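> One-letter residues, chain by chain:
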Amino acid sequence: MPKLLQAIARLFWRDLTVAMRRSTDILTPLVFFVIVVSLFPLGLGPEPAVLRVIAPGVIWVAALLATMLSLNRLFANDHADGTLEQMALAPYPLALLALTKITAHWTLTGLPLVLISPLLAVQMHLPESAIGTLALSLLLGTPILSLLGAVGAALTLGLRGGGVLVSLLVLPLYTPILIFGAGSVAGVIAGIDTEAHFSLLGAFLALALTFAPWAAAAALRVSLD
Amino acid sequence: MLEAVDLECVRGDRPLFSHLSFSLKPGELLHVTGVNGSGKTTLLRTLCGLTRAHAGEIRWHGNTIRRLGDDYHAQLAYIGHANGIQGDLTPLENLSVASGLSGDTDKSRIRTALERLGLAAYHHFPSKILSQGQKRRLALARLVVEHKPLWILDEPLSGLDVDSVSLMTTILMEHLAQGGLIVITSHQEVDVKTKTVLQIQFNQRA
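In order, the protein sequence lines correspond to chains A and B.
Note that the first sequence covers residues 31 to 255 in this note's numbering.
Note that the second sequence covers residues -9 to 196 in this note's numbering.
The set of hints was computed from the structure by calculation and includes no laboratory data.
Nothing here was measured: the structure is a model prediction, and the numbers come from that model.
The beta-carbon is built from N, C-alpha and C at its ideal position, and this holds for glycine as well.
Certain hints may be false.
Partial selection, computed: residues in chain A whose CB lies under 10 Å from chain B [said to hold, decoys possible]: (1) Lys33; (2) Leu41; (3) Arg44; (4) Arg51; (5) Ile65; (6) Ser68; (7) Leu69; (8) Asp111; (9) Met117; (10) Leu127.
The task is simple: from the sequences and hints, build the whole structure.
What follows is the structure, encoded as structure tokens:
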């Protein structure tokens, strides 16, 4: 189905181009992520032993909040300017178009977090062996954050105070990912086998990838009604 | 052929209209008029499938649009109140994305459409610098690019100058002459010079 692929490619290209032209959109979550993580050594003192213990949790919580911060722009602009109506009327499954937008969202927010995480790991005195685990856990985890967040963003579309509502809706769903993501890094530091953590993160990702786009599409249709 | 059978629409808990039936054949234009808030936009969105009808059904060539789903969307071009234009993209890019989304792969028509609607000079500026009327013309350019048989247009002429209105009327007439169908709301007279104009008038303010 080359036409479907073309529609997906153009939509993906569009989201990336628009974000590049509004670079603050990309930089805000990233800068937020770096600043929040950097505040902890300042607040707790630069004791490596302390930082090492809290690092996995701190970095993961900061990643969660940074993703949260960017969720409202996932569909809100398109809703306001009418593009979302056109997407809903396109002769292609809305779930696939939503998945395209989610992928673009992850490329613009999740991926930069993954890429900068080794730097923050060094700052937090994580042992070398844990740096790779942290990046890998974020690589598996941040797409789940974007996928689940998209459902929340779609549900609260056009509501007043949608930003706060999205947090209340989505943060509880994020807890398992936080537990297993941060747990895998802490496990490596403690010398425990972390295969189970990664298997579970992978399972969550597969599950979210299967259901979240459809849930988001259904929520978008309700919001447009 | 587009048919509405016993259509009833409700917004919140206020009934807007009920027992609305019509059928629109190729080459015909349906002009929906009425006071503000009488349900014109709701009717159009229902005809697109964006809003669910409270009762009744809409058929396209005999099949209900709910069953046709994406096959119906492939036949339909809708221009709503919002123009569907991303301000950070150029008019060319906006049309390219829109035509990609609507399943159109022919890029040469985009330039033709921009020229026809007098936007060729702006094709590499960000769309946000366009005036309100120019943005409307850019939205309408999609119709020329996409070549869909059924056009559903919500106040397409709002904000257009006299020349643009007459250009748009010409485009509408051409579409009808090619066997297209048009459903339109407009407070202005739509002078398409054909006899096949249906009128629905909503009078009561819901």
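> Does each hint hold? Answer for all of them.
Results for each hint:
1. Lys33: With Cβ-Cβ at 5 Å, under 10 Å, it holds.
2. Leu41: For leucine 41 of chain A, the interface hint holds, since the closest Cβ of chain B sits about 7 Å away, which is under 10 Å.
3. Arg44: Cβ of arginine 44 of chain A sits 5 Å from chain B, so the hint holds.
4. Arg51: Constraint on arginine 51 of chain A satisfied, holds at 4 Å.
5. Ile65: violated, 26 Å
6. Ser68: This interface hint is violated because 31 Å lies over the 10 Å limit.
7. Leu69: violated, 32 Å
8. Asp111: holds, 6 Å
9. Met117: holds, 6 Å
10. Leu127: holds, 8 Å
Against the hints set out earlier in the document, violations occur for numbers 5, 6 and 7.
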